[in-house]
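Please take these sequences and the hints and turn them into a complete structure.
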Amino acid sequence: MLNRKIPQVFSQHRILKKSWEATKYGLAGILSPITLAVLMKPKRLPMLRSLIDSSDLRTSFKEHELEVDNGRENTFMPTIRGYEALPKGLFGFSKYIPYVSIHGLRSNRTGARASEPLYRSLHDLGYGIHAYDSPGTGRSGGHITTPRRTARAIESIIADIKVKRRDNLDPVYENAPVLHASSIGALAAIDVAANQPQDVGVLILESPILDGGQLPPNQYIMKSALAVGNKLGMDTSLFNSKQYISKLDDVPIMIIVTKGDPIAKPEQSREFYDAVVQHRKMNGITTPCTLVEVENEQHMGAVLKSPQFYIDMIDRFCRQNIKKLEYHEYLQGSLETPKGFSIENYKPEPFEGHNSIQPKSEIDEGRQIG
0 MLNRKIPQVF
10 SQHRILKKSW
20 EATKYGLAGI
30 LSPITLAVLM
40 KPKRLPMLRS
50 LIDSSDLRTS
60 FKEHELEVDN
70 GRENTFMPTI
80 RGYEALPKGL
90 FGFSKYIPYV
100 SIHGLRSNRT
110 GARASEPLYR
120 SLHDLGYGIH
130 AYDSPGTGRS
140 GGHITTPRRT
150 ARAIESIIAD
160 IKVKRRDNLD
170 PVYENAPVLH
180 ASSIGALAAI
190 DVAANQPQDV
200 GVLILESPIL
210 DGGQLPPNQY
220 IMKSALAVGN
230 KLGMDTSLFN
240 SKQYISKLDD
250 VPIMIIVTKG
260 DPIAKPEQSR
270 EFYDAVVQHR
280 KMNGITTPCT
290 LVEVENEQHM
300 GAVLKSPQFY
310 IDMIDRFCRQ
320 NIKKLEYHEY
330 LQGSLETPKG
340 FSIENYKPEP
350 FEGHNSIQPK
360 SEIDEGRQIG
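Read in numbering that gives the first Met the number 0, the sequence shown has 222 at position 223, and its numbers run on one by one without any break.
Below, computed lysine-lysine pairings styled on DSS-like, alpha-carbon distance capped at 27 Å:
#: 1; residue 1: Lys264; residue 2: Lys304
#: 2; residue 1: Lys94; residue 2: Lys161
#: 3; residue 1: Lys322; residue 2: Lys87
#: 4; residue 1: Lys161; residue 2: Lys61
#: 5; residue 1: Lys280; residue 2: Lys322
#: 6; residue 1: Lys94; residue 2: Lys323
#: 7; residue 1: Lys323; residue 2: Lys61
#: 8; residue 1: Lys246; residue 2: Lys264
#: 9; residue 1: Lys322; residue 2: Lys94
#: 10; residue 1: Lys163; residue 2: Lys322
Read the hints as simulated data drawn from the structure, not as lab findings.
So, in structure tokens, the structure goes:
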């Protein structure tokens, strides 16, 4: 008797499971595309784990938990898992630069694994690498991420950078962090840079999505979130980066685009660049803003054309324009360069303006326009 009931139980379980799956997808389609992300726990993508587990990676990454604000805007902020490789080498304390990688919505694939060679190269040049799993992905908490949650995660990373100490005494960094934002991560990075410009040394926007309302049709989750936010009377200014231009006066900006990008349209980047330059010229602001176009048809494909050109370009711009971190009085410690360090082997070429980056004649890696 019992043996006959067991198959029936399993059969009923399968029927109920399939019914729930059908109902779940049906509700997601009827109510809103954003419902799909809420009902279904997104696939975990702990891509940053490869940075720790990779045996051939010269850079030593350490995993840690970031302190996050769990009360802002009445929205619970999940735990954010961070990964860092503090700078080391012969560059000296005054040359160390914190670099924060900000990837796109709900995915670490484009922000970690694809950027691993960049992490290595920048770390060798004296950068401290600070990365994280997006909310709802990898080892971070939560079920879904949004540009605002990403912005809160970035703020947590910056706060963590400012409290790091050498030998429990001196700050690790004298320079403010570089925010390198890719794709839809640009929305969050611009929000952070606009609201705390004193804590952002350089803002790099690569294949940036700068207006949530201009996303391609297949980016339905973000478009749905924007529509729902407008309907509920929420502040959706974060979805339109042009509204932040006047707050970015003290932030050096580099915009990198690929001419054939099918997702982040180059026209949007040109419009944003023109608006920033025009605003700064009209107000006598000399903070640089640079646009670099690369011949490639892939989203975030600039590095693929010529990795060395790409790395040198970023390093030159950062070294020429980086700002110093502003520490509060209660943060004690000397900011002098430790004895025994030397920067004689590192002399980056000056980055003087629109025409200072020229592609090699045999390879059209990219061109500076302005």
